[in-house]
Every structure is written in C-alpha cells, then in structure tokens.
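Participant: Chains as they are written, first to last, in the working numbering: chain A, 1 to 347; chain B, 1 to 250.
Watch out, some of these pointers could steer you wrong.
What the hints assert, rightly or not - Derived lysine to any residue pairs resembling SDA-like cross-links, with alpha carbons at most 20 Å apart:
1) B:Lys72 - A:Ala134
2) A:Lys129 - B:Glu139
3) B:Lys72 - A:Lys332
4) A:Lys332 - B:Thr138
5) B:Lys72 - A:Thr224
6) B:Lys72 - A:Thr225
7) B:Lys72 - A:Ala203
8) B:Lys72 - A:Thr229
9) A:Lys332 - B:Glu139
10) A:Lys129 - B:Ile54
11) A:Lys332 - B:Ser44
12) A:Lys332 - B:Ser58
13) B:Lys21 - B:His53
14) B:Lys21 - B:Asn39
15) A:Lys332 - B:Arg92
16) A:Lys332 - B:Thr95
17) B:Lys72 - A:Pro320
18) A:Lys332 - B:Val62
19) B:Lys72 - A:Gly159
20) A:Lys332 - B:Gly131
21) B:Lys21 - B:Gly80
22) A:Lys129 - A:Glu214
23) A:Lys332 - B:Ser136
24) A:Lys129 - B:Arg92
25) B:Lys72 - B:Ser44
26) B:Lys72 - A:Arg127
27) B:Lys243 - A:His98
28) A:Lys332 - B:Gly93
29) B:Lys72 - A:Leu308
30) A:Lys129 - B:His53
31) B:Lys21 - B:Arg31
32) B:Lys72 - A:Asn223
33) A:Lys332 - A:Pro320
34) B:Lys243 - A:Ala203
35) B:Lys72 - A:Asp213
36) A:Lys129 - B:Lys72
37) A:Lys332 - B:Asp98
38) A:Lys332 - B:Arg134
No lab work stands behind these hints, which were simulated from the structure alone. Only a predicted model underlies this, so the values are computations on that prediction, with no experimental measurement involved.
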Amino acid sequence: MSTVDAPAPPRTTTVVPAVAPWWRRSAPWVLLAAGTLGGIALQTQLYTAQERVVGTVFMFVALATAWNLIGGFTGYPWFGQVGFFGLGAYVTALCMYHLHLSFWLSLVLSGLVAGLFAAFVGVPLLRLKGHYFAIATLGVAEGLREVVLNLPRATGGGGGLTIPTLGPDAPTRWLGNDGFYILFLLIAAAVVAVALAVSRSRAGYALRAVNQDEEAAAAMGINTTRTKTLAFTLAATLTGVVGSAQAFRIQAIYPDPSFDTSITELAVIMVMIGGAGTVLGPILGAIAVQYMSEWLRENYTNAHTFILGALIIVTVVLLPQGFVNYLGDAVKTRRFSLLDNVRRYRL
Amino acid sequence: MTAVMQARGLSKRFGGLQAVKALDLDLYAGRLLGVIGPNGAGKSTAINLLTGHIRPTSGRVVVDGADLTGAKPWRVAHAGVARTFQIVKPFRGMTVLDNVTVAAMFTGQRHTVHASRQAAMETLDRVGLAGAARLSPTELSVADARRLELAKALALRPRVLLLDEVLAGLRPGEIDPALALIDSLRRDGLALMMVEHVIHAITAVADEVLVLHHGEVLTRGEPATVLSDERVIEAYLGSRFAKRAKEELR
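With the rest of the complex left out, here is chain A:
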C-alpha cells in the first residue's frame, strides 16, 4: 500500500544558524542601558510632582517585571504579590524602627525575608495550578496583613509605623524626591536585568517549558518543582525589595495600603496588556497603564476610573495575548488587523 503514495517531496532545507548573531543577543542589554541613562537624563526635565509620578512608574515596572517571572514565564497566576510587597515594607520598617539598621541593610534583609518566605510557602502552593494557585496566594497575602494587624506591639497594628528618617534617630536620612527617583529607576533597571538574564538562560527555557506543558517538561529532564520554586522565590525577593524602598519613601506605613490587593491587580493588568512572558511587555504595560491613569485623573477627574476600566477591557479584548506578543505574531504572519487577531484567539 505504501507504493500508492508518492514519495514525499524533498524538504527545501534552508540552513538555519542555531545561534543568533552577537549584535542581536546584546541588543536588549544596550537598550536597557540606554533606557536607564535616558531615565537619568529625563530627571533634569521634571519638577518634583512629576518626579514622584515617574518614580511610581518605575516602581510598577519593577513589580510587573517581577510578577512576570512566575505569572508570565512560568504561567502561575500569582494573585498574592502584594503580600510580599507588604512583607518587604514591614521588614524594612521594623528593622529601621526597632533595630536602627541602615536602610540599605534593611533593603537587603527585606528581599531575603520575602524570598525565604516564598520558598517556604511555595513548596505546597506550587502544587496547585490555575485558579487554585491564584486563590491560595491571594489568601497568603490577606493572611500576612492580618498577622501585621494583630501584632500591634511590633508593627503598631492598625495605627501603623513611622520610620524615623530625620534627625539623630534616623539610621539613614530620607533620600529626597531626587534620590528616590534614582533609587526606583535603578531598582527597575536591576529587576529588568534579572528578567532579561533569566529569559535567555537555561532557567528561562525551563520556566517556559513548565508553563507550556509541565508533564512534558519533566520528561525532558527538567526538575519542575525546583524550577517553579526558584522562579517564585526570585519574584518574591524582587517584590520584597520594591516594598522596602516604597516603605522608606512614604515613611508612615499602615497595613491596609501596604497589603492593598489593587497593587497586585495593577501589576497583573500591566503584564497582561504589555505581553506576558516577554521582557519588554511588563515595562510597556506599566508605563502605559500608569501614564494613562495619571492623564485621565488630571483631565477627567470625575470619570477617570470608569474610563480607565473601559480602556483596559477594550485592550484585553483586542489584544488577548498582550501588545508585545501581538506585535511578534503580526510581524511574523504579516497580518496586522486587530480583528484578525481577535479571531485568531477565538474571542
């Protein structure tokens, strides 16, 4: 019977180099360095209020990029990010208030504590998938807030805690608006650098493989438990560092704003709109959402949240895979129509 079938025509084999040329591999690093220098240059053009706004954009670039490590690359919807943000904030506040440690040491400790805690809770949590993982991590974040609320002697409970930042009591002097702008810029750049390094390393391949088919990944020799736990720990460490810097910036910290779920939600929205699993996506998403939010607040004070919500819905409907992934698809298939894109994702 095999004689009936004509032999398959020989494949037109184009020689594909297995490794991209050096200039393509180093381009993202050059862009990152240029972006960081651009951020420093931009500072000279901003007045104080604008500096604060852009500093917050940098904070969200860092948060969204950290979220993307576990939520985007690995595909585990982490709805408890703010728990680690608040944990970092409180570790810094406690270290500076009670132990009079310098901010810089507290920053490192906050990252370590958040990371260790993630490694500890990650082992059971990462056995869950999808919605279950989302809900469980949300529970951890809420639980942490309750812990902080119910330890008034250490944390001040609902009354909050004020980090000493001025005078002889202050272990480290407050950095000022200029200082915090640079601090958040450098943190964002460092977090993006980590994401870039991970994305191109063996770990990056392992994370994407786990995301796309965990069973197949394990059969390929990937220790899926270790891979997931490492990604989760890394994301939590970076988030803890961001929380620490934010605590020092605002000085007076309270449980509710420190563990505010909308911080997680914003990071998720930024990653989804920008493009999950890409390095550039969360950066663009954070800038776009934060800029839009500020602009609407100024120009449509009465309806700004309503309009922002509508814009987010429209974007998610038209670009379900996020802007950067859409651009990648569109360039590859030479089809740029948004309706085509919606159809491709069967919405």
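Since chain A is already given, all that's left is putting chain B on it; use the hints.
Facilitator: Leaving out everything else, chain B in the frame of chain A:
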C-alpha cells in the same frame, strides 16, 4: 547480556481498577520490545510507571542496576530513559528548534544554551525536521509533529527509548520512513520499547512482542508466534468473532 532497564512485578491500581498487574519486562541494548493490546489494556500506564509519571502501587523499576522505583520523571530522564507521549506534547509557544533545545539542555549534565541549540539542530537533522526549525509546532503536519516528539526524546541522548504510539495518525506512506528511523536507532544500540496499534509495523521491527490484556501479560515471545496465538486474537476480537475468524481461515 544484562538488561538496561528492568521492571519486576510492576503494578498500579487506580481505586477499584487494576490498570497494570505484576508486569515484568527487560529492555536490552539494540533490541526492540513491542507492546500491543486492546484499548485500555494498560500500555500507556506501563510507560508512565516506567518513567515516573505515575508512582507504582508495588513493584520495582531498575535502570543500570540503580533502583528508580517511584523516582520523579526528571530523575528517570537523567538516568537515560526518554519517552514520547501518545498525544504529542510540543511546547506550543516555542519554535521547533527551541522545543528540542530544551530537551538537549537538561540531560543531567550541564549544557550551555549555545551547545544545546547546536545539538538540537543535529537531532532535527537526523529526524528530517531541520528545515522546520524556525516554525511553530502548531504549523507541523501530524507526521512532523510525531517527528518532533521523537526528536525531543532523542535530544536527551537516552539509552532507553519508550515510544507511545509514534505511528498513530500517520498515512501508510509515512509509516515506512518512520520505521526505518526506529530501526536505525536500534542499530545504534538503543534499548527500545514500542507501544503500538499498527500490528504489521510491530512485526516488522520488534525482536520480541508482549501482549497486555486487562493490565496483565497475556503472552510474550517471537512476533509471529505471539500474533497467531488464539488468546491474542480473542483479546482483540472477542471470543465469538475469534471462533468465526478461525473457522473462516480453516
């Protein structure tokens, strides 16, 4: 000759269902064991038990003298045991090349991304997919998707290869090249096990055939002997049809 991979008394019970019962098997370098049996006979479960995707209820799995009973799948992979999946499992968001690169990267020894990509390219060339390296797995035909599945298993540089219905869905003209590839792997000295529904394919390449029925070994031996065994025909066709088939053949 000692077996590269051995299973002794391997059993799995899912609640009230005995999926695999007291399975013994030995896989030797350069030999191919064909495993056949009706749907639900426990063939895929047997592979999952060997690779650690399912923990056995009882029994032992030994690779090169090392006990790997209940070991996690990645440890089994590092010990040199690769597999394919009955339903192909490509990483859909990656290119064909990246799919194989992942497999080449985590073999148990450390391989750089650079070296893994080159090894992956060589593997793709061997299975005839080099021209599709830049494509997405979703753009591949059924036959090419099976080739990719095989390439991913081979990129692990295994000594044991467990094939779960690699010929399913292939057109007749595509089966012979696939069998030739499998045969070349055997000549390279791999220990092969092949679960298959295409019976004539099994008789063409298997050194030994094992028949599973209701999770138990019905019979085993030379392909020709096993396939003419009445009990095998009965297991596939049911006793009434088996009797009729025998009468008609007479």
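Participant: Taking the hints in turn, state whether each one holds.
Facilitator: Consistency of the hints with the structure:
no.: 1; hint: B:Lys72 - A:Ala134; verdict: 26 Å, violated
no.: 2; hint: A:Lys129 - B:Glu139; verdict: 28 Å, violated
no.: 3; hint: B:Lys72 - A:Lys332; verdict: 38 Å, violated
no.: 4; hint: A:Lys332 - B:Thr138; verdict: 14 Å, holds
no.: 5; hint: B:Lys72 - A:Thr224; verdict: 10 Å, holds
no.: 6; hint: B:Lys72 - A:Thr225; verdict: 10 Å, holds
no.: 7; hint: B:Lys72 - A:Ala203; verdict: 19 Å, holds
no.: 8; hint: B:Lys72 - A:Thr229; verdict: 16 Å, holds
no.: 9; hint: A:Lys332 - B:Glu139; verdict: 13 Å, holds
no.: 10; hint: A:Lys129 - B:Ile54; verdict: 18 Å, holds
no.: 11; hint: A:Lys332 - B:Ser44; verdict: 38 Å, violated
no.: 12; hint: A:Lys332 - B:Ser58; verdict: 51 Å, violated
no.: 13; hint: B:Lys21 - B:His53; verdict: 17 Å, holds
no.: 14; hint: B:Lys21 - B:Asn39; verdict: 16 Å, holds
no.: 15; hint: A:Lys332 - B:Arg92; verdict: 15 Å, holds
no.: 16; hint: A:Lys332 - B:Thr95; verdict: 12 Å, holds
no.: 17; hint: B:Lys72 - A:Pro320; verdict: 35 Å, violated
no.: 18; hint: A:Lys332 - B:Val62; verdict: 47 Å, violated
no.: 19; hint: B:Lys72 - A:Gly159; verdict: 49 Å, violated
no.: 20; hint: A:Lys332 - B:Gly131; verdict: 17 Å, holds
no.: 21; hint: B:Lys21 - B:Gly80; verdict: 25 Å, violated
no.: 22; hint: A:Lys129 - A:Glu214; verdict: 11 Å, holds
no.: 23; hint: A:Lys332 - B:Ser136; verdict: 11 Å, holds
no.: 24; hint: A:Lys129 - B:Arg92; verdict: 19 Å, holds
no.: 25; hint: B:Lys72 - B:Ser44; verdict: 17 Å, holds
no.: 26; hint: B:Lys72 - A:Arg127; verdict: 14 Å, holds
no.: 27; hint: B:Lys243 - A:His98; verdict: 88 Å, violated
no.: 28; hint: A:Lys332 - B:Gly93; verdict: 13 Å, holds
no.: 29; hint: B:Lys72 - A:Leu308; verdict: 47 Å, violated
no.: 30; hint: A:Lys129 - B:His53; verdict: 17 Å, holds
no.: 31; hint: B:Lys21 - B:Arg31; verdict: 24 Å, violated
no.: 32; hint: B:Lys72 - A:Asn223; verdict: 8 Å, holds
no.: 33; hint: A:Lys332 - A:Pro320; verdict: 17 Å, holds
no.: 34; hint: B:Lys243 - A:Ala203; verdict: 59 Å, violated
no.: 35; hint: B:Lys72 - A:Asp213; verdict: 16 Å, holds
no.: 36; hint: A:Lys129 - B:Lys72; verdict: 19 Å, holds
no.: 37; hint: A:Lys332 - B:Asp98; verdict: 17 Å, holds
no.: 38; hint: A:Lys332 - B:Arg134; verdict: 11 Å, holds
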